[in-house]
Amino acid sequence: SAVISQKPSRDICQRGTSLTIQCQVDSQVTMMFWYRQQPGQSLTLIATANQGSEATYESGFVIDKFPISRPNLTFSTLTVSNMSPEDSSIYLCSVEAPTGSEAFFGQGTRLTVV
Amino acid sequence: KQEVTQIPAALSVPEGENLVLNCSFTDSAIYNLQWFRQDPGKGLTSLLLIQSSQREQTSGRLNASLDKSSGRSTLYIAASQPGDSATYLCAVNTGANSKLTFGKGITLSVRP
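Residue numbers (the working numbering), protein chains in the order written: chain B, 12 to 125; chain S, 104 to 215.
Fair warning: there could be bad hints in the mix.
Some chain B residues close to chain S (C-beta under 10 angstroms, calculated; not the full set) [what the hints assert, rightly or not]: (1) Tyr46; (2) Thr67; (3) Glu69; (4) Ser112; (5) Gln118; (6) Arg121.
Simulated pairs of lysine to aspartate or glutamate, DMTMM-like, Cα-Cα distance not exceeding 20 angstroms [to be verified]: (7) S:Lys202 to B:Glu107; (8) S:Lys207 to B:Asp98; (9) S:Lys104 to S:Asp130; (10) S:Lys171 to B:Glu113; (11) B:Lys18 to S:Asp142; (12) S:Lys145 to B:Asp22; (13) S:Lys207 to B:Glu69; (14) B:Lys18 to B:Asp98; (15) S:Lys171 to S:Glu159; (16) B:Lys76 to B:Glu97.
These are computed hints drawn from the structure, not numbers from a lab. We put the beta carbon where it would ideally sit given N, CA and C, even for glycine.
The following block holds chain B by itself, in its conformation from the complex (with noise of 0.2 angstroms):
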């Protein structure tokens, strides 16, 4: 298995502000994962953020709004830019078991947008 570590676990932000979350793995891992969930919703995949390369976007989600960083195999930031109150959500990071199959989810971060 694999455990991960999310910072801030909540947060109560301003309009306009932006916030960033961070992400830690115990184990390296190829592939990482930020999903968002609504109140009252299901669980939307915003990006998957690998090493090395620029983070590939879902569709209605853009990196002027969500910029991610992967600085090593370990590691993640979400940042939310220019907050509003539509962004009040979970911020949930996730990651494959080193064996390629099972998901494992950070305890998220609860953003609450005055």
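Put chain S on the given structure of chain B with help from the hints.
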């Protein structure tokens, strides 16, 4: 486009009852299917993973089955307990860059 459906959205049962949670998906060309548990405001805990070649997986009081041809999976919880109260999410991996498609989840409440 893969779509995953979980019905009903919520379920309330008395303690001790055996129960089945359903998950259906539209595209049977899947790599694997995974069941997760989510407590309010928290992240996801992996419960069971079923590969496309498997029919079922068991862990303690949990048993998950997969019928790929009909696009269905079930999560069976035996002798439910109040501590089982949570949202249960089903997610399908189509193998395309390991992306998961999630259902909306079933919120389970087990009454003492």
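Hint check results:
| no. | hint | result |
| --- | --- | --- |
| 1 | Tyr46 | 8 angstroms, holds |
| 2 | Thr67 | 7 angstroms, holds |
| 3 | Glu69 | 8 angstroms, holds |
| 4 | Ser112 | 6 angstroms, holds |
| 5 | Gln118 | 4 angstroms, holds |
| 6 | Arg121 | 6 angstroms, holds |
| 7 | S:Lys202 to B:Glu107 | 10 angstroms, holds |
| 8 | S:Lys207 to B:Asp98 | 19 angstroms, holds |
| 9 | S:Lys104 to S:Asp130 | 8 angstroms, holds |
| 10 | S:Lys171 to B:Glu113 | 18 angstroms, holds |
| 11 | B:Lys18 to S:Asp142 | 18 angstroms, holds |
| 12 | S:Lys145 to B:Asp22 | 14 angstroms, holds |
| 13 | S:Lys207 to B:Glu69 | 19 angstroms, holds |
| 14 | B:Lys18 to B:Asp98 | 17 angstroms, holds |
| 15 | S:Lys171 to S:Glu159 | 11 angstroms, holds |
| 16 | B:Lys76 to B:Glu97 | 13 angstroms, holds |
Of the numbered hints given earlier, the model fails none.
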